[in-house]
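> Single-letter residue listing:
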Amino acid sequence: MKQSVSKKKNIVHFLLIFLICIITFVYLIPLFFIVHTSFKPWVHIRDYPPKILFKPTITSYIRIFTSRTPLPPGRAFSEEEVFNMKWYERLIYKDTNEEIVRKGDFPRRYLNSIIVVIGSTLTTIIIGTLAAYGFSRGKLKGKDDWLFFILTTRMLPPVVVVIPVFLMFRALNLTDTHIGLILLYTAFNVSFAVWVMKGFIDEIPIEYEEAAMVDGYTRFQVFRKIVVPQATTGIAATSVFCFIYAWNEYAFAFILSRKYAQTVPAWLPYQMGVLGYDWGAAAGGTFLFLLPAMIFTIILRKHLVRGITFGAIRK
Amino acid sequence: MAEIILQNIIKRFGDLVAVNDLTLYIKDREFLVLLGPSGCGKTTTLRCISGLEIVDEGKILIDGKDVTTIRASHRDIAFVFQLYALYPILTAYNNIAFPLKAQKYDKEKIREEVNKVAELLQIKHVLHKKPKELSGGDMQKVALGRAIVRRPKAFLLDEPIGTLDAKFREEMRIELKKLCIDIGATTVYVTHDQVEAMSMGDRIAIMNMGVLQQIGTPYEIYTKPENLFIANFIGSPGMNFINCEPSRDSNGKLVLKLLSDNMYISITNKLQNTLLSKIYEDKKLVLGIRPEDVTFSMRKEKNYLDVKVYVIEETGSYNIVDVSLGVEKIKVRTIPTIKPDIGEAAFVGFDMERISIFDKETGNSII
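If you read the sequences in order, they're chains A and B. Numbered by the working numbering, the letters in the first sequence go through residues 1259 to 1573 in order. Numbered by the working numbering, the letters in the second sequence go through residues 5 to 371 in order.
Okay, chain B solo, but in the shape it has when bound (with noise of 0.2 Å):
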């Protein structure tokens, strides 16, 4: 097992920088999501790691030694494929064994190594059987059964529970995450799915337009996000964005100006001065609040806004009330019994330790 770092790589191809200038740090034994919509370069950073795409600029150091332009084949890491990519003439059985095979092991240490694999992964009852025979469910464990039966230095994942059903795959979310942890190993997964990605990932890379927008723990990716992609691709809902700008109340004391409807709130001394000391006092500013951070209530109380609902959504465990600020939309969590009618007048607050606010203009965080 080893650590993995990639220093400054840049892919093109053609006129197109799949992945520009990321800098990468996975830890040994670390289980890192890379994260981000399609055509990210997710995918082409974990196939520069593997060797199956060769970088144009920088160096990719696998267990401290520089792999950069060493060949897939010698930089003994694993990897398992979307759609498994499980040989169609072999068996089960034959397709773990064949990383073995390129090893030249003898025929009963392959043996001894295969049932032990199969053991761990419960696909016994199906080594003998052919890719096609095999369920979706069973394919994946071959494919990772083929992966782990060599013990690699690293394992490279490109979203292998994508074609799995949405139970199925709650069900493998949670053994793949077991498995990772009891082999120990150091491994970089592939997901376009954030909820994957929040449920397994040590640390999770945030990418989008072939640059890493953000690195860290699910906990610090939820409510710390570095800009506004971050804040609405993590969440479902995503965050709520609210315009305003800086602006002084009648007591000379720093206020956010909700650009909507010409409404104030106070915010808390720590902010103020933030925006102070950055100097933001007259720029155009973007306030973040996730749905679960937003107070709902029928009564008007103290730095509460007027809203209008608009829609309410339920999910059976809690309830998103739609309401309109103005002429902005913004999602409010709230418990399943709290059913107001569609129009009614309604108050919102804001729990204002836990909000973000960017700079509009960059889309990065401020605070």
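So here's chain A without its partners, still in its complex pose (with noise of 0.2 Å):
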């Protein structure tokens, strides 16, 4: 009897995990087509049906690296020449018949992205554990109310003020600087931080911040010493909500920048080259994009499991 009690629940088991494992694998679907096409070489990319098999080559990672020209026609490299190259380009040259003229944007995008998303973010948790705090333990009158407008910022989609956040930023000269990028993404996101760091705060039992009040402690170090270690997991959930808002955002980072602070979203779908629109370094470059948030969600993972379910578990 209990044999076959536990032999039913192996077979469960065994049917969630072969579930699980479906779904995982629908959901990497794209994220492998991606990391697939970015090693392809050039003369497969548009291939239809696509080949599965090719020998991969990083040539697509170099062309988000640089900028290139194509040959003109007639016009090839002596033997020696293509001895005298750089390993690089004589990849490129190899596969698309291109010179590099210069280094590509991609560097700096990136850097602007980093910059705008840890900006953002750090702001983000500053504000919102602050503010969560003072609506966790302050006698603040309408308190309720005040929570419920913080939270109608988040009923409107975003794109829909577009328009005037770019003519406000364009009155205070805002656009395209990563202040600008970062002040409106932690305005996005604190209403969210508030939320959730309210309710972690909540969670701590208020006789721990009193015992250090009345063991000699101002409010700010029992904030400092006592709160904010035992928020940690809180912390760690909302920062990686907003840096992986910050991270994807397309409209405003498309609206907002241009040159200087343009992020890596809104700089790469114009992958458009000569020889027409390069699938391969889009996809290289997306999948560079990718790798931050997939390191930073595996490294505040632990954190996270507990952090989704918003304290439902109960000490």
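These aren't lab readings, by the way, just hints derived from the structure by calculation. Heads up, a few of these hints could be off.
Claimed, not checked - Derived coverage of chain A by chain B (criterion: at least 3 residues anywhere in the stretch with Cβ under 8 Å from a Cβ of chain B; other residues may be distant):
no.: 1; segment: 1483-1494
no.: 2; segment: 1514-1525
Stated by the list, open to error - Heads up, simulated DSSO-like pairs for lysine-lysine below, C-alpha to C-alpha not over 27 Å straight-line:
no.: 3; chain 1: B; residue 1: Lys31; chain 2: B; residue 2: Lys182
no.: 4; chain 1: A; residue 1: Lys1560; chain 2: B; residue 2: Lys136
no.: 5; chain 1: B; residue 1: Lys133; chain 2: A; residue 2: Lys1560
no.: 6; chain 1: B; residue 1: Lys228; chain 2: B; residue 2: Lys261
In this text, a Cβ means the ideal position worked out from N, Cα and C, and glycines have one as well.
Build the complex from these two chains, which are given one at a time in their own frames, with help from the hints.
As structure tokens, then:
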């Protein structure tokens, strides 16, 4: 009897794992396709049906990092010239018959993305945690109304306000600046951060803070030494969400940044070369662009599992 | 160490008056227990003393200094919470060291002080552990350690042993009392457990519905309760109450007429005079008597009352015999060998020197 129960359990367990594998597989197909395409040689990128097996090459990655020009018809490098080329120049030449003119814009855009994301995530977390602490512990008149008011900023699809924001930013000379995008992403994320962090801070028994206050600590010291360490799970979960939002944001980045502060999502779609749209470079860039979000999430995954349940687990 | 003075403090939460016009004088080095049922305002009073709550009206003085509006961190008092409130991220050592770090002591000094306290509380072997790895008793000791390490002016303890199991609580009661005597600190101890209060307090302040009912030594509180609430609250089982009114016997002497069964009991001359002088002759009264001041007998003697045995509660060291006196029930404490049958007719006598008389209307004690 007992055996059959455990057998039944095993079967259910197996089925669940099987199901998870299928779901994961479905979700990973686009990612696989991106990685797959990014390693294809130029000639195979547009093949239909797509070629599954080929000799992988990293020319797509070289292309995303460089600016190139095609050789005029009839012009070819001599063997000696080819021999003297740098390895990546040779690869590009053999693949697409192009000459590398200069380094591309990708690193610059990547750096922009990193600056904007780190800046906005940090500001969001600092403002959000402080505000959540205030909402959780303070005796504010009409506290619930204020909280709801903060939440309403999320009810509007951000795209709706693109044009007014653009006009405001132009008036304030904030277009195409890092600060501008940091401010904007902070504004969009802070309401979310306040709500999530409030949930976490509500769960920290107030006695800890009272004990510390009686022990001679000021309110701010208490916040830093007692509240923040105990809210790390919430902070981690909130940062991941803020990070991903700011990292992936497209519409505002597209409208509000042109050259100087343009982030990767706004720039990545424009991989138009002389030879047509460069799917390989776009795929390579996309893959490199996905990496930080993946790494960041993996680093914080321990906190995330608890964080996503939003304090559903009681101690 | 210091004396603590509360002058007419009032604390409101919205419409609720949690502490109403409380005046208390806590002497230097005194162990004062704040006792009362839950929701009576005892914890709020403690929090007001600590500065975690600011009083709406009145004044608080610690060591002669007016601290009414001063923040908790500047009052130099220590607070032990019911659930200990040990910082879960810190080890026991760092928990105890935490208040010292606030005062920017250097590392050597901190280690010295923490070790001294750990030795006193016998918790040296758990100093490296985190709170969740500690037993209830050790957690409590660490919480106490955190409180005494700073040598504050006063200790405020909010039901510090309420969550321990019964056996261990008895042990901790003794240790805690000993500790407080050793350090010689002014201590305010909040509890709802009257046994704890009676056994630990130098004096007990009893509160109900935010109002101080009585303050006195355990003996005073037990033998001279000032009103029906205290008489009922203190003692296990509580005091017996019998409705009565003054009356005259055939000789014209003042006696008490028990309303339940039209029985009369004679009272001491002193009590007669008190009743007369305070013009209580026509008022309804409540006679209160502790179960141990009632004598149980199978033979009728002078001034004894007829009763019927209702139920017997055995505890091992004594028996509580519940008897019905007319329509009222009273509890009699007897030696464990007395086991009358249920329904049997018996007699009880009251030790008239030890009775209490209350005004039924106000509930206040007359003598």
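> Provide an ascending list of the numbers of those earlier hints which the structure does not satisfy.
Of the numbered hints, just 2 does not hold.
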